[in-house]
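As you go down the protein sequences, you meet chains X and G in turn.
Be aware that the first sequence starts at 1, since it is given in the numbering used here, and climbs by one per residue.
Be aware that the second sequence starts at 1, since it is given in the numbering used here, and climbs by one per residue.
Simulated from the structure, these hints should not be mistaken for laboratory data.
Check before you lean on any hint, since a few could be wrong.
[Claimed, not checked] No more than 30 Å apart at the CA atoms, straight line, and that leaves these computed lysine-lysine pairs for DSS-like:
| id | chain 1 | residue 1 | chain 2 | residue 2 |
| --- | --- | --- | --- | --- |
| 1 | X | 163 | X | 268 |
| 2 | G | 72 | X | 49 |
| 3 | X | 48 | G | 72 |
[Claimed, not checked] Simulated restraints on C-beta separations:
| id | chain 1 | residue 1 | chain 2 | residue 2 | range |
| --- | --- | --- | --- | --- | --- |
| 4 | G | 79 | X | 270 | 27 to 37 Å |
| 5 | X | 85 | G | 55 | 45 to 55 Å |
| 6 | G | 134 | X | 292 | 47 to 57 Å |
All C-beta atoms in this analysis are idealised placements derived from N, C-alpha and C, irrespective of residue type, glycine included.
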Amino acid sequence: MLARRNPQLNRHGELIHLLSTEGLPRDMLTHILDTAAQFVGVSEREVKKVPLLRGKSVFNLFFENSTRTRTTFDIAATRLSADVYTLDIARSSTAKGESLLDTVANLSAMAADIFVVRHSESGAPYLLSQHVAPHVHVVNAGDGRHAHPTQGLLDMYTIRHYKKDFSNLVVAIVGDVLHSRVARSDIHALTTLGAAEVRVVGPRTLVPGDFGPMGVRVCHTLEEGIRDADVVIMLRLQNERMSGALLPSSQEFFQSFGLTPERLRWAKPDAIVMHPGPINRGVEIDSQVVDGRQSVILPQVTFGIAVRMAVLSIVAGNEA
Amino acid sequence: MSSTHGSALALDAEALYAELLRAVRPLLTADTRLVGIVSGGQWLARRMQRDLGLPGEAGAISSAMHRDDYAKRGLAASGQTALPFEIDGADILLLDDVLYTGRTIRAVVNELFDYGRPARVRLAVLVDRGGRQLPVAAEVAAARLTLPAAQSLRLARGDDDAFSFSITHKE
Chain X
1 MLARRNPQLN
11 RHGELIHLLS
21 TEGLPRDMLT
31 HILDTAAQFV
41 GVSEREVKKV
51 PLLRGKSVFN
61 LFFENSTRTR
71 TTFDIAATRL
81 SADVYTLDIA
91 RSSTAKGESL
101 LDTVANLSAM
111 AADIFVVRHS
121 ESGAPYLLSQ
131 HVAPHVHVVN
141 AGDGRHAHPT
151 QGLLDMYTIR
161 HYKKDFSNLV
171 VAIVGDVLHS
181 RVARSDIHAL
191 TTLGAAEVRV
201 VGPRTLVPGD
211 FGPMGVRVCH
221 TLEEGIRDAD
231 VVIMLRLQNE
241 RMSGALLPSS
251 QEFFQSFGLT
261 PERLRWAKPD
271 AIVMHPGPIN
281 RGVEIDSQVV
291 DGRQSVILPQ
301 VTFGIAVRMA
311 VLSIVAGNEA
Chain G
1 MSSTHGSALA
11 LDAEALYAEL
21 LRAVRPLLTA
31 DTRLVGIVSG
41 GQWLARRMQR
51 DLGLPGEAGA
61 ISSAMHRDDY
71 AKRGLAASGQ
81 TALPFEIDGA
91 DILLLDDVLY
101 TGRTIRAVVN
111 ELFDYGRPAR
121 VRLAVLVDRG
131 GRQLPVAAEV
141 AAARLTLPAA
151 QSLRLARGDD
161 DAFSFSITHK
171 E
């Protein structure tokens, strides 16, 4: 039987949509990171713009709130000279009952070239990618609990920038792993890129034992989880989860899993601390760590623009 | 300068480099900065910077961001532009291994202007192989010849930094 083709790749193995870091071959991930490296310098030029997407239209479809991701996609597309349209979907047609596919069909009629999609339903970007014309590309900006591939890629870019090579790295992902699409995208990318050990760290309610099959080590104490780690990725504790029975309180979480300067000493002395944002100071991470010398949280944001420029320009150059 | 119509196999890259070095020397002014086009021209510029005894590092420039065949060929991850000097008012000497259609030169001139406004831009190449599709000319070419479109000519560099030409036949 023929293996089912990865829906993100065309028959030449080129990237046409970015839906997930899962299933992307290692050389594709490396190609995206290498391409991003070329774009990092663009923001330091006198003319902070390159013409690769001149005449192309990028539609930001955010069915779920976002500030950082939407803004950095906006900047990335603008620096590539695309025309960028950001739709406030939550307050427009969808609120009036239009279906996702109808919304996209209408926008396609306005000659869109790329859709950047965030949706609370896992799989929504995949659904769109199956219904767009061959020259139209879909980039997932976060879908449900499933994936947030550009965040995963910018995390890989940041790790590679500071640590050069993945093969000897111990990476700990701490917090609400269960609900985190960032964690999933990071885990797939890290295992593909050959990180020595990936650990997921948190209470049993947020880090179930069944993460083991993803090729990670499950740790239920912070000390075990970040001991001798090279990279500590703190996840946002999503306040909306507090209402359920998963966590007694955010204070209690901080007592057991909050990253303080003292606890960070369990990790390697040159360990870097990352966070996808938005950060909750004093909930999952202490202010002193956020602002400390090991924090690379703001460089992550800067690299995120270059990584998104790389993804947009790579998919736009390929046809289905 | 040699002018040949015919086989590229006779091209001795090292001899052409020596010829180019001689021809470039009188073009230099106090404000001249060497900028090599990634990747063959970049090797050329680095070596020439050393052989001419110029201070500092040669620049490197990539055509990737301004290529006109991006829609057809997609984006290649290649070497990056690195210009470790002020572009405004500089006298730029672009260096490349082979001058062909002129499209790469168009792209790198655009790239250069993203960094500032040079006083002058000139071009020196090892081989001008004809076949221009844009109004572009080299100030200096160590060899001028005509090659059939099916042949692809590019500079290669050995472990000892020595140059040679590789010729491939496109299908």
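How the hints compare with the structure:
1. 163(X) x 268(X): holds (12 Å)
2. 72(G) x 49(X): Within the cut-off at roughly 21 Å; holds.
3. 48(X) x 72(G): holds (24 Å)
4. 79(G) x 270(X): 27 to 37 Å: Holds: the Cβ-Cβ distance is about 29 Å, inside 27 to 37 Å.
5. 85(X) x 55(G): 45 to 55 Å: At 50 Å between Cβs, range holds.
6. 134(G) x 292(X): 47 to 57 Å: At 54 Å between Cβs, range holds.
Every hint, counting from the list given before, is met by this structure.
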